[in-house]
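Assemble the complex: chain A is given as a structure, and chain C must be docked to it using the hints.
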Amino acid sequence: MKGHDAWVALAVSLLALLLTVFLTTGALVLGGYSPLLTFQSLLAGSFGSLDSFFGVTLVRAVPLIVIGLAVTVAFKSGVWNIGAEGQFYAGAIAGVWVGLNVGDYPSYFSVPLVFLSASVAGALWALLPALMRTRLGVGEVVTTILMNFVAIHLVSYIVRWPLQEERGVFPNTDLIDESVRLPTIVPGTGLHLGFVVAVILVIGLSFFFSNTSMGFQLRAMGGSQEATRVSGRSSIPQLLIVTFLLSGSLAGLAGGIEIAGRSFALYEGLSPGWGYTAIAVALLADLNFIAVLFTGIFFGALEGGAGAMQREAGIPATWVAGIEALVLLSVLASDRLFRRLLRPRRKED
Amino acid sequence: MSRVSERGTILGNAVSKIKRVISVVLLFTMACSDARNEDPLSESEFSGFRVALLTSGPVSDAGWYGSAYEGIQLIEKTFGARISHQQTSTPAEFDEALRAYAVSGYRLIFAHGFEYQDAAIRVGEQFPEVTIIVSSGGRVSENVIPLIFELEEGSYIAGVVASRITKTGIVGMVGGVSTPPAEATFTGFEAGAKSVNPDVEVLVNWIGSWDDVAMAKEAAVTLIRRGVDVLIHNTDAASFGVFQAVREARDSGEEVWAMGMNRDQNDVVPEVILGSAVIRIPEAFLRLAKLWKEGKLPSGEAYYAGGQSGAADYVVNPSLAGKYKPELMAEIDSIRLGIIDGLIAVPRIDFLERVEGSF
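The listed protein sequences derive, respectively, from chains A and C.
Residue numbers 5 to 353, in my numbering, belong to the letters of the first sequence in order.
Residue numbers 22 to 380, in my numbering, belong to the letters of the second sequence in order.
Derived from the structure by calculation, the hints contain no laboratory data.
From a predicted model like this one, the values you see are computed outputs, not experimental measurements.
It is possible that some hints are incorrect.
[As the list claims (entries may be wrong)] A partial selection of chain C residues facing chain A, derived with a Cβ cut-off under 7 Å:
(1) 107
(2) 110
(3) 372
Glycine is no exception: its CB is placed at the ideal position from the N, C-alpha and C atoms.
One chain only, chain C, in its complex shape:
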């Protein structure tokens, strides 16, 4: 049949054309890599202070990832380090990205989230000269160091505030992915709330995602319908959904308040956010980088960033400061001091595991 033979020639033509295209691409690639070698910058390819950041979400989230990016920018500004960031989307990509940074001379890598820990241990084993900091990680090895933010301290204070402000006696929490560090913040919040009023009811709703705005909004609306009038969250970009739900409830005449978490979110929706339980990720990153640069970062153990170093706190929203009675302000200050001095025991969850030998 003529049709078949026509197809054959088309295919043949296409194949030879593809071959030509491939050879052009290869030539171009080789030219590029040549250009790379002549690049004067590549003299210092493996020298200088290089710091990398990996996140599994967008750094535009005004929260967890965004503060990490601010952290490495701060390191760039302070130490003149060369910085680089990659957003990874799947666990299978973690090894690849960590290895790529290790190979191109990055000696300090911030892997911002517990999800990186298995890959970090694997790559850390292959590149002993590289230090990988895993935020909220649970596995420690010689050069893989979990960075534990004691966010439960700020959450505890937020719990106290929520308990003092609520009129219905019900406060709520919208959580992202239920992990030990995230649960710890809610345990802290609940303990704080119950410390001033044991009868206050605390409801939780986990949405199983850090960035699903729609789901977070739905979860918040559900909680508000159940009578919650002070609502805290522990998510990333999904927090916008929580704030949106609270704002809409306020627009329809209910008196509902929100609270921020992870970083100072008070100016995100200033008219509904009472305050934020914060961790100062940039400061913690900078401190870690400084210790690492001076060779003073203890290897093989976790690094704790809490209220003592100013890395964890509760920040009152200045535009809603009028909602706080002077007694409450005083109470916040005394609790803050109490936590630092160890007089107030904030519940903590310990989840570290040492990895030795092959993994």
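Pulled out of the complex, with its shape left as it was, chain A reads as follows:
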């Protein structure tokens, strides 16, 4: 590999970055906004202070990382689980239901129980598409997406009838007891224990996939289902079910963490489409577990900075969404260019 190529790649990335800044600046100037103030608030809102880094960026990153892991597990094993959104909600429903009922128990018992129930619920939510895939051969892309809508509407029902707050006025559940809420790990910010859970999951999954036989089989299935089947060593339906359940339980756990760590109650619209953003998180990370940690934080920073852009620079929400998209597109484009140029030309193989 020539060092020359790496420099070209870096130059291309910088060029892409400059181009985005240039385009965004142009748009902002035309719109009558201050580009300097905009970028400044984007950075200050996501990295500028302890509170904005720990309390905004990392807190926002937690669900994205955990759901990103769920998506990575599935995609790595060749399962196109687009249903993380629904599995997240299933986990949130189970988590809040258990959370509301275990307030009298000590935290070391109640919090793990919330996590466990959320994971199980997420896994169960993924079970139906799993069975349809393995038994009936129905593609999971459609079934998992459809299950999302079922989950979203189930939440609307749950918060209006079975689990509505006791006084029965607003469409949300009561708040879970203090003892069931996750402790803060950086005092004075909202950063909760969920981030530690996310990091542990990243390490655990990375180990599981590269160092265990099951992990190897899953990766092999992701590489080529046909080859894995022909090898005769693993049962494809079994591996598929494992993948669905593992992926679903991770997305469900994210729901439990969100309830116990940040929202403390179930609301409609709890997730602004994290199940879909997480697909971008996983793909930007090139389906690498460790990288998911960083792409998750990147997306958390982008969204946190977007909020600050509205507050500090007075950029309307629609503009902010556009700027976010521009930044993301440029990162994706330069990432791909970077990779392509860095890829050594192999002739000897």
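For chain C alone, coordinates are given in the frame of chain A:
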């Protein structure tokens, strides 16, 4: 295998490059925050009158959120306040946004919707010097004040008008998210409709969303097929779907009318909207800000904005005024006065809860 080792070096290169990028970003950020400290404006960072607005939908909805934005613009113009707005998209974001405003010196925050109430109570507890006004909220604490719009007053009059105009004897309502304040408006509408003709039938269709235009249109079409010929709504941006359905029904020869809600929507589709049940959110915001500035805003209780203060009313669409018989116009005026004087009892729903101590 050579491939593996190649991958290793690529990764190593990438990591060192990422490190470099991160350090550049950090430097840039630090430079930015330095620049911030030198900014002459930041002298007054924590002084002056600062007012913030949080909405969970777009302020371009020509309705609920848009009027709130007009409200803080009015406060800016009247008091020279520095204003800021953020659109939040998820409950988990509410705490973050409220806290960010409290930390940067905003002492009066309008959280425009009941959905903010839990976060408002939590943040309000941490920042006792900040007053948070929660529109249509249901929880009161020392510094978290629900702003209750008595929209049911205008809806009651709209009900009377609908009942007088309908030919099929069936009137309908398309609702957004079924919450007590939203239900109250429909209860008012129904009471108004039945007050002049007990036989009139009132159909309701809740769509479960404030901004889903397609769903609102579908709901409206369903109601029109069931014979509804005067249709009111209580949604935000989704109202365009209701108006669209009514306009299409009219284009195919049916005589159907729509009514606006929340703010004066008469000019949105002037040829089909008979009138609007309005709350004057900007005026209510301005009045609240004035009271707050003078230190006269009672803490620990809800603020009611109704017909008495001119904040709630029914507005006839001037371009369709010909559809109203003179008797009906007179009736509207007398009902309006009757409500203000307390002679006409508009049904209300009380849903306030005091929060004391830890939440």
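Hint check:
Given hint, residue 107/C at the interface with chain A, holds; its Cβ is 4 Å from that chain's nearest Cβ, closer than 7 Å. A least Cβ separation of about 4 Å between residue 110/C and chain A falls short of the 7 Å threshold, and the interface hint therefore holds. With 7 Å as the threshold, the beta carbon of residue 372/C comes within range of chain A, its nearest partner Cβ sitting at about 5 Å, so the hint holds.
Going through the hint list in order, the structure satisfies each hint without exception.
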